[in-house]
Structure formats: structure tokens, C-alpha cells
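Build out the structure end to end from the sequences listed, making use of the hints.
Protein chains in written order, with this note's numbering: chain A, 1 to 481; chain B, 1 to 442.
There is no bait here: all hints are sound.
Derived contacts from chain A toward chain B, CB cut-off under 8 Å, selection only: (1) I4; (2) V15; (3) T25; (4) S31; (5) T53; (6) S56; (7) E57; (8) T64; (9) V84; (10) P281; (11) Y325; (12) G327; (13) A337; (14) P409.
Worth flagging that the hints you see were computed from the coordinates, not collected in a lab.
Using N, Cα and C, we set each Cβ at its ideal position, and we do this for glycine too.
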Amino acid sequence: MKLIFEKSVPGRRGVMPRASDVPTTAEIAPSLLRDAPAELPELSELDVVRHFTNLSEQNFGVDTGFYPLGSCTMKYNPKIAERVARHEGFSLLHPALAQLPGGQKLTQGALGVMHETDRFLREICGMARFTMQPMAGANGELTGVLILAAYHRARGNDDKRVILIPDSAHGTNPASAALAGYDVKTIGSDEDGLMDLDALKAAIGPHVAGCMLTCPNTLGLFNPHVKEICDAVHSVDGLVYYDGANLNALLGRCKPGDLGFDVVHVNLHKTFATPHGGGGPGAGPVGVCEKLVEYLPVPWIIKNGDEQFGLDWDHPDSIGKIAAYHGSFGVVLRAYAYMLRLGRQGMLDVSEAAVLNANYVREKLKSHYALPFAQVCKHECVFSASRQAQAGATAMDIAKALIDRGFHPPTVYFPLIVEEALMVEPTETESKATLDEFITAMIEIAELAETDPDQLTAAPVTTPVRRLDETLAARNPDLGV
Amino acid sequence: MPFVPHTLEDKQRMLAEIGLGSEDLFGDIPGPLRARSFDLPDGCSEQQVAARLRALSMQNGTCLPCFLGGGIYDHYSPAAVDAILTRSEFYTAYTPYQPERSQGTLQAIYEYQSAICRLTGLDVSNASLYDGGTALFEAALTAMRVTRRRRIVVDASVNALWREMLATYTANLEAELVTVAHAGGRADRDAIAEAVDDNTAAVLCQNPSFFGCLDDLSDVAETAHSAKALLIVATYPIALGIVKTPGEMGADIAVGEGQCLGLPMAFGGPWLGFMAATKKCMRKMPGRMAGRTVDADGNEGFVLTLQAREQHIRREKATSNICTNQGLCALGAVVYLSLLGKQGLADLARLNADLGAYARQKLTAGAASLKFPDAPVFNEFVLQLPAKADAVAGDLLGRGIAAGIPLGRWDPDMDDCLLVAVTESRTAAEIDAYADALEDVL
Numbered sequence: 001m002k003l004i005f006e007k008s009v010p011g012r013r014g015v016m017p018r019a020s021d022v023p024t025t026a027e028i029a030p031s032l033l034r035d036a037p038a039e040l041p042e043l044s045e046l047d048v049v050r051h052f053t054n055l056s057e058q059n060f061g062v063d064t065g066f067y068p069l070g071s072c073t074m075k076y077n078p079k080i081a082e083r084v085a086r087h088e089g090f091s092l093l094h095p096a097l098a099q100l101p102g103g104q105k106l107t108q109g110a111l112g113v114m115h116e117t118d119r120f121l122r123e124i125c126g127m128a129r130f131t132m133q134p135m136a137g138a139n140g141e142l143t144g145v146l147i148l149a150a151y152h153r154a155r156g157n158d159d160k161r162v163i164l165i166p167d168s169a170h171g172t173n174p175a176s177a178a179l180a181g182y183d184v185k186t187i188g189s190d191e192d193g194l195m196d197l198d199a200l201k202a203a204i205g206p207h208v209a210g211c212m213l214t215c216p217n218t219l220g221l222f223n224p225h226v227k228e229i230c231d232a233v234h235s236v237d238g239l240v241y242y243d244g245a246n247l248n249a250l251l252g253r254c255k256p257g258d259l260g261f262d263v264v265h266v267n268l269h270k271t272f273a274t275p276h277g278g279g280g281p282g283a284g285p286v287g288v289c290e291k292l293v294e295y296l297p298v299p300w301i302i303k304n305g306d307e308q309f310g311l312d313w314d315h316p317d318s319i320g321k322i323a324a325y326h327g328s329f330g331v332v333l334r335a336y337a338y339m340l341r342l343g344r345q346g347m348l349d350v351s352e353a354a355v356l357n358a359n360y361v362r363e364k365l366k367s368h369y370a371l372p373f374a375q376v377c378k379h380e381c382v383f384s385a386s387r388q389a390q391a392g393a394t395a396m397d398i399a400k401a402l403i404d405r406g407f408h409p410p411t412v413y414f415p416l417i418v419e420e421a422l423m424v425e426p427t428e429t430e431s432k433a434t435l436d437e438f439i440t441a442m443i444e445i446a447e448l449a450e451t452d453p454d455q456l457t458a459a460p461v462t463t464p465v466r467r468l469d470e471t472l473a474a475r476n477p478d479l480g481v
Numbered sequence: 001m002p003f004v005p006h007t008l009e010d011k012q013r014m015l016a017e018i019g020l021g022s023e024d025l026f027g028d029i030p031g032p033l034r035a036r037s038f039d040l041p042d043g044c045s046e047q048q049v050a051a052r053l054r055a056l057s058m059q060n061g062t063c064l065p066c067f068l069g070g071g072i073y074d075h076y077s078p079a080a081v082d083a084i085l086t087r088s089e090f091y092t093a094y095t096p097y098q099p100e101r102s103q104g105t106l107q108a109i110y111e112y113q114s115a116i117c118r119l120t121g122l123d124v125s126n127a128s129l130y131d132g133g134t135a136l137f138e139a140a141l142t143a144m145r146v147t148r149r150r151r152i153v154v155d156a157s158v159n160a161l162w163r164e165m166l167a168t169y170t171a172n173l174e175a176e177l178v179t180v181a182h183a184g185g186r187a188d189r190d191a192i193a194e195a196v197d198d199n200t201a202a203v204l205c206q207n208p209s210f211f212g213c214l215d216d217l218s219d220v221a222e223t224a225h226s227a228k229a230l231l232i233v234a235t236y237p238i239a240l241g242i243v244k245t246p247g248e249m250g251a252d253i254a255v256g257e258g259q260c261l262g263l264p265m266a267f268g269g270p271w272l273g274f275m276a277a278t279k280k281c282m283r284k285m286p287g288r289m290a291g292r293t294v295d296a297d298g299n300e301g302f303v304l305t306l307q308a309r310e311q312h313i314r315r316e317k318a319t320s321n322i323c324t325n326q327g328l329c330a331l332g333a334v335v336y337l338s339l340l341g342k343q344g345l346a347d348l349a350r351l352n353a354d355l356g357a358y359a360r361q362k363l364t365a366g367a368a369s370l371k372f373p374d375a376p377v378f379n380e381f382v383l384q385l386p387a388k389a390d391a392v393a394g395d396l397l398g399r400g401i402a403a404g405i406p407l408g409r410w411d412p413d414m415d416d417c418l419l420v421a422v423t424e425s426r427t428a429a430e431i432d433a434y435a436d437a438l439e440d441v442l
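Shown next, in the form of C-alpha cells:
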């Protein structure tokens, strides 16, 4: 489709600012002004709306069809959350208002939402207090590692420079550790797909500052030794970080705090159903155990004696500020609406259905695709397309063939420890009928891999574009016009 | 069961078909590790949730004229922006890992990147970062990678909140953050020249500054470049409708807060960090990037590219840890910029500047004066009061005006100063009423 700049017609106007109602004209010296206006498109409002509407039709969202992207928890985004987020009482609120004298009285609704979300998350995760400031999961990871660093600095643990991370971890884990100045030691997985306990214990030593774990892990497997792992790390005064990307499997069943985790992040755009937005915005609130609360970013959202919500800055050991104000409040607000809607039983229903759906797919496809780990999984399962790849159709080809059949593909080639990985996370909002359709398509594709792999390597054929030359894109980057 | 479609029969049938009992689903969690309690309130109907949140929204004071700025501004967002953002093909999608079925998102990102470059006068942009503060941090890291140096010189007229964030984010890194006092609300050339040495990766400045002052930082660019350091300029997109661009000043990297481009203030976000840079910095930049290429039939298409910089490929060696960014917010920004267009943004910037000039005049007609009288401004300025700014702001709030941000929190010598922002959302009548109330209070 033509670029919006290519549709531009000189002189055409779209939205025009209001006329001035003041007699003054600002006089700014030419040396402070740009030579010419920015070359933005010149279009009518209809031109713009039509352009982006047509672009949207080339997209695929959860509302379009099944989107089993493993590790992302592409569950249905409740529309009530969208309505609630658009109340002008929330959207038109400048965050600095709460910090003016008398401003807290005028922001009780917003402060209340954050305070109550903190309380929900504490109970769900078994942690002492949460901050809403982190603006994504990875931002939460960095926040958590900065808290870990502050803890060690306070205790004079200057030799602790290493963080242990499993080889199955999402790339953000080591990237976050490195961004906070730590070295990463990778711990391998055992033949059951879990972190190798012996390897972990061997890696424990005085230089270990902590360990980052996802539980269930990125293979969708719950590690029954998780408490032992936490104990081992604690034995050298290390801290254990819980990457909450897979929390959907554990809602109401298991609390990270009970497992021994010291710091936790939660992905509101995964477990708590806020929209993925085509790449965000998300939010990654971070919770800590009691001994770490003083390191949390400021301000805290508290409830005063007179039942009023307020901001509390009096925490001299705080790591400081992760966000300019309170983080992505609009995302927290949507998650809060979802938590209210679900309540206790709703969350138990989520984890039960998420795990049921993943095991249903696992069982039904295990004779068609290699299943590296055969045990009951949690909310996602990982297949290997190794058999199909040998026959001439890779995980990528399978993904493209699924697109032609009206599905968004699962995650491919992650985690790295499974060859030709296909990571399927159905989520709890999908029906048996949808899963059966997906299973049927996957079986058909598995058969085609044996009988006519060329059909798969040619896919997709039903999309606005065919397979794209990514090598060319990286070699001669064209990032804008 | 809200949102879970299974009936009891569905569940039983599915379990039977796969030979599991419901107790098997969580059988892998050892008993001692299971939650002993799960103490949450009962769920509410959608209607109850709607009522509860509506009531909470009405407990916030959004009917006051807002003269608060400091990087976040009460600009008017045209209705067409949200109309596009509520298209579920955009907002219920995720990262375009399967580009053939995500050309909508990818082309929109490409257009956003193009628009940011045209706005800032630089060569390449990424697909977004979280906000202005994290964009500033990421820019500092980029400069450190490009120059292989560790020292960052920060002008104190850069956004005070972002400077606090910078301290938090760099606390554990081998980075030397040196803050240099400003001069009259703008970069102090002598102080910067003295601070820049051959270990300096970058100089960080802002235009318009945190205090609203306008400047031409071209000479600061020369100072930085002569020491082989980079110049990073934080800037304000609406101002760039008329104001000199970071590119025109010789900056290497431009960053800032894109909330002003049609996104709600929403008490903290979600907002939009933008970053644009010279071509030389491209491969060391953080964040996702959409690139144009061709498909198997030779037709034009868009893909995520230069992914070898990113965490999913490079892990601890990545340029950043960023994964989920502010995709939908970037879409909002490019829609906004397209709706306003070339002339519209220039007109809007003019209007803001005129309103700023009017407010400066009216608010200093009485006992208040300008803290930086010699500095040209855009739409934001610092009022100096014959009283503590906190108290004055509190009084004015009691009279229904969100008058400005008291600056004493960051600089005790400025505890009589109020940062006042004026946008097209403020009418002449509101500015006049503010001036009258100010006189009453002082």
C-alpha cells in the first residue's frame, strides 16, 4: 500500500488548530526557528482515516482469530477496560496535579486505582508491596535487578557481580541483567526441560548476586525443585527474581512469594488482559518481599489514617525513579478493571482453563509433532518441527501455512534449547471448537510436510504480501522515507 | 466465568479426550508449594465494574484549567486519533513477528519512523521507547557504545524528572554522570566546555529547556564534536512545528516525550519515548525498527529489521533489553502528525507560542516576574514569585487553577519559582482568570 507521504497533496489540510484568541504574537528570532516546516503529509481527515483503516485491514489481532503466540498470553482484551480507560476523569489528568499542595485530594480516584491494584497483586503473588512504575516486563526486570543491586550495595556485597539465568530464559532476562551492570552465567537445562539443579548448585558461590527464573519456564513446565533453587541462592545471600511472563498458569494456584522469590514482575498486558497494541504499551509492576520494600521506587501510593490515598516519598533507600511519575497508569487502570471483573473465582477459572487448553493441544498433536518433553504442561507447550524439517518443511514453513488457514502462528524458534521450536499458548479464552480447528489444521500441515512440502514452503499465499526478504532489509536498511 | 468459554461439559469432555482428571492439571505442583489461601474479593459483573470505575473517575479534578507542563502537556487530541487506535486489528495484535500478516502495524511503524526523522531533522528513528526519560537514558548508552567512552555531561536545564531517572538507571553502570549548572535556564557554554574531556561520550541538552527557554545549540554541538563526543538534544515535538531542529543544530541524537502528539496525559501514561539519530548511530541504537524490503514477488513490504541489535538475538550483548515498547502510542503519534500535517503543526506551534507570550505578559503584570527574562520561550516559562511557589500553587489550586509546577523540589534556590505551561487547550479567558487570581493570592 502507498505510504501516507506518497498520498500527500500540497495545500491539503486535515485537522486545523483553533484560531488564536489572544492579541499577542510571539516574536522568536529566526536563528531559533527551523528553516522550513517539517515535511509532514498534507491530507484531509478522510484521507488519513482511510489510510490507517486500510492498513488495519492488513493486520491480525486476537479479535480477528486464534493467536497462540507462546509466552505472550494473547487472551481476549475485555472491552469494558477500553471504555473505562477513556473516562476523561482519568485520561485528562496531569500526573503533577497529585504533587501540588492539595492535589492529592483531587486525584483520589487515580491514586485509589493504583493502591487497589497493588493490593490485588500482593495477594496474587504473595509479595509485600508493588510499584506500578515499570512500563513493560523488561523495564520491570531492570527495576528488579536495580533493587537487587541496591540491596547488595547496602550490605557491602561488592563482589557479587554474577546473575544466574537458565538457557531457556527469554532474551530480556540476560539483557536486563547486563543493563544493570551484571555479568550473566547461563545454567543449562536437564533432560526434563527444567533448570539443571546440579548445574545450579555448582554455580552457587560468593560471586552470585542472584538468579532470574520464569516459572513455569518457557517450555511451559513447572519446576518442582523451585524452592530448592531459591534456598540455594539465598544460602549465599543472593536474591531470586521471578519473571512473571507465565503467571497465567499459576493464578490462585501458587504464589511466587511462597516459592521463595524475593522480587517479582507481572506483565499486565499478558496475565491481566490489557491489549498488546501491536508492540505495546504494556506495564510490568514489580513486587518485593518485606526486606526489600525500602528499595522500591518513589513515591509509594499509600492510604492515610483518614482513609485518603496519598503519595509517600519518605524512603531514603529507594532506588529513585523508574518512570517520570507513576508509570503507565492507563494500562494499570485496564488491568484493575479486569481484576475486579474476575475476582477470586474468575482467576482460578483462568489458570484452570489455560492449563487445560494447553494440555488438550499437547495431547492431540503429540503424535504428529515431536514433543521434547512429554509431561503434563502448564499454560503453554513446545513442540519441535524436527520431523517435518527433515521432510522439507521447517517451523517457519508451518507458521506460514497456518497464516493461510486463518490462524496466527505460535511462537517459532523459541526457546532456543528446542530445535525448530513451536511454542503454543492457547490461553483460557479460546473454546474447544477453536482449538479443534487449529489441531485439524496442524495435522493437515504435518501431513503436507511429508507429502507435499513445497506447498508449505510457498506459503503464505493468501496474504497482502508474500514472504519478505529480511536479508535485504538488514543489509541495506531503509528505515524511513 | 468471565471470558472463559468452557461449560462444565466442555471441560469434562476435553479432559476425557486427553485422559486426564482435573486434579492432574496442577498435579505437578507439590502440595507444600500450593497457595494455602487466595483471599480476593468476588468478581463483579461488567455493569458493576463500569459503575465502580465511573465513580472513581469522577473523583479526579480534571475540570481545572491545567497550566502544568514539565514534559507532559494538555494538548488537544483530535477524535480521529482514537478512532484509529480503537481498531482492534491494531490494538489486539502484538509484535509483527509474522510480517506477511502484520503489514498494517509494520507500515505504520515505518511511517512513524519517517515522521520522527522529518520532525527532528535526523536520519533514522526507532519504533519507540517507553517515555522521554528512558529515551534519554538509552541515548546516553548509545553514545557510550558509539564512542566507547563512559562520561556523560548533563546540562541542568534538561528535564529534572528525567535527570532523576538517569541517576536511577545508571547507578550500577560504569558511567560517570556529571551535571553542569545551567545559565539563565539554558546551557552554560563555559561550564560545558570545561566539563567535556576526552572521556566524554556525550553532552545532554534540551531545547526548549525544562524551563521553557529556547536556544540554538549549534555551538554546543561543535564543542562536543571537537572532543569527539556526541550531542544529544531532548526536544518537544509540538515546538518542532516552528523551532530549530536538533538535526539543524548538529545534534547526533534527538530524544523526547511524544505524549504531546495526541496521547492522553492519563496520570502517568502510557506515553511515548522517541529517538532519532544520525546514520552513524543506527546500528548501535536500541529498540525495534521497521524496514522496507520486497517480497518473493518483488512487491514492496515491511519487516522488523536490524534485529541483531536486540535482546531476543543478542541477549546480554543487546543494545537494550526493550521488547514490548509503546507500539500503539507510536501509531497514535503518526496519525496525529498526519492529521495536523505540515501546515497544521506549524500553525499549532505558532498558536502555542502566541498563547505563551500572552500568558507571560498577563502573569507578570503584577507582583510576579520572569525568572529568566532574557530567554526567548516557546509555550512554557518560569514565573518568579514574591512568596514560596508551593504555597502559591496550593492557593491557586484551591481557587480551581492548576497553576504550574513548583521548582523548589529540584533546586532550593528556586523555591519561589513556578513552571507554567500554556497550550491551545487554554483560552484567553482562562489565562486572564489566572492572572486575576494570582494577583489576589500574592
